[in-house]
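Top line first, the protein sequences correspond to chains A and B.
Heads up: the first sequence begins at 158 in my numbering, then just goes up one per residue.
Heads up: the second sequence begins at 177 in my numbering, then just goes up one per residue.
Since the hints were derived computationally from the structure, they do not count as laboratory data.
Where is the CB? At the ideal position from N, CA and C, for every residue including glycine.
It is possible that part of the hints are untrue.
List time: in silico DSS-like cross-link candidates among lysine-lysine, alpha-carbon distance up to 27 Å [to be verified]: (1) A:Lys214 x B:Lys202; (2) B:Lys226 x B:Lys244; (3) B:Lys244 x B:Lys202; (4) B:Lys243 x B:Lys231; (5) B:Lys213 x A:Lys170; (6) B:Lys278 x A:Lys214; (7) B:Lys278 x B:Lys243; (8) B:Lys278 x B:Lys202; (9) B:Lys226 x B:Lys278; (10) B:Lys243 x B:Lys202; (11) B:Lys231 x B:Lys244; (12) A:Lys214 x B:Lys235; (13) B:Lys281 x B:Lys202; (14) B:Lys202 x B:Lys226; (15) B:Lys231 x A:Lys214.
Just the calculated beta-carbon pair ranges, DEER-fashion [claimed, not checked]: (16) A:Gly185 x B:Ser257: 25 to 35 Å; (17) B:His233 x A:Gln174: 34 to 44 Å; (18) A:Ser208 x B:Pro183: 21 to 31 Å.
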Amino acid sequence: KAGVTQTPRYLIKTRGQQVTLSCSPISGHRSVSWYQQTPGQGLQFLFEYFSETQRNKGNFPGRFSGRQFSNSRSEMNVSTLELGDSALYLCASEGGDSTDTQYFGPGTRLTVL
Amino acid sequence: QQPVQSPQAVILREGEDAVINCSSSKALYSVHWYRQKHGEAPVFLMILLKGGEQKGHEKISASFNEKKQQSSLYLTASQLSYSGTYFCGTDPGGSEKLVFGKGTKLTVNP
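Working from the sequences, and respecting the hints, build out all of it.
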């Protein structure tokens with residue numbers, strides 16, 4: 158099976174802009190979770206989508222939003238970018254067994270200038 | 177709350193063993209272990225579930241003490257490829273999917 162794919166891999170934006178990141182889960186997986194990774198805060202959970210519905214949500218401001226499509230692909234949007242949003246954004250897909258194992262994609266490296 | 181990992185860093189020679197610990201202040205449903213190499217995505221190593229079920233790679237072993245909310249990852253006969261940062265992710269069953277520790281940086285030298 159193909160792994161989790163994320164596009165784009167690298168992105169440079171300026172403060173105030175918005176950005177959309179995309180994640181395609183492993184075929185057959187219906188859950189997609191998003192994480193932000195920074196050197197200071199480590200890996201932090203943003204939100205999880207399952208069957209097009211947000212199932213869990215982390216402690217991030219409303220500027221961070223997401224959605225999931227009927228084919229399980231997910232997008233994450235960040236509006237009004239701030240310098241502190243510079244990070245590696247990882248998505249993880251889950252499904253296929255009862256163990257809730259999450260498999261991470263390669264990530265999108267976002268730099269906000 | 178974020179689980180606490182120890183040690184923060186460890187340096188080994190090839191063939192040596194290491195133990196990485198993960199401790200949480202909350203009751204846990206499961207503990208997930210990942211290894212991340214610089215510039216790459218975290219790679220799944222092991223999941224330990226409440227009740228004793230485990231799933232992971234054959235060469236990796238781990239334990240989960242549900243009463244103490246602690247887990248340990250055992251790396252035996254380390255190889256150069258084991259180098260990387262190891263994260264434990266805990267599932268306390270709340271609104272957050274997984275809460276990760278700050279990581280343990282493992283360096284294996286020849």
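To see whether the hints hold, each was checked on the structure:
{"no.": "1", "hint": "A:Lys214 x B:Lys202", "verdict": "18 Å, holds"}
{"no.": "2", "hint": "B:Lys226 x B:Lys244", "verdict": "12 Å, holds"}
{"no.": "3", "hint": "B:Lys244 x B:Lys202", "verdict": "9 Å, holds"}
{"no.": "4", "hint": "B:Lys243 x B:Lys231", "verdict": "20 Å, holds"}
{"no.": "5", "hint": "B:Lys213 x A:Lys170", "verdict": "26 Å, holds"}
{"no.": "6", "hint": "B:Lys278 x A:Lys214", "verdict": "20 Å, holds"}
{"no.": "7", "hint": "B:Lys278 x B:Lys243", "verdict": "22 Å, holds"}
{"no.": "8", "hint": "B:Lys278 x B:Lys202", "verdict": "17 Å, holds"}
{"no.": "9", "hint": "B:Lys226 x B:Lys278", "verdict": "22 Å, holds"}
{"no.": "10", "hint": "B:Lys243 x B:Lys202", "verdict": "10 Å, holds"}
{"no.": "11", "hint": "B:Lys231 x B:Lys244", "verdict": "21 Å, holds"}
{"no.": "12", "hint": "A:Lys214 x B:Lys235", "verdict": "34 Å, violated"}
{"no.": "13", "hint": "B:Lys281 x B:Lys202", "verdict": "24 Å, holds"}
{"no.": "14", "hint": "B:Lys202 x B:Lys226", "verdict": "13 Å, holds"}
{"no.": "15", "hint": "B:Lys231 x A:Lys214", "verdict": "26 Å, holds"}
{"no.": "16", "hint": "A:Gly185 x B:Ser257: 25 to 35 Å", "verdict": "29 Å, holds"}
{"no.": "17", "hint": "B:His233 x A:Gln174: 34 to 44 Å", "verdict": "41 Å, holds"}
{"no.": "18", "hint": "A:Ser208 x B:Pro183: 21 to 31 Å", "verdict": "41 Å, violated"}
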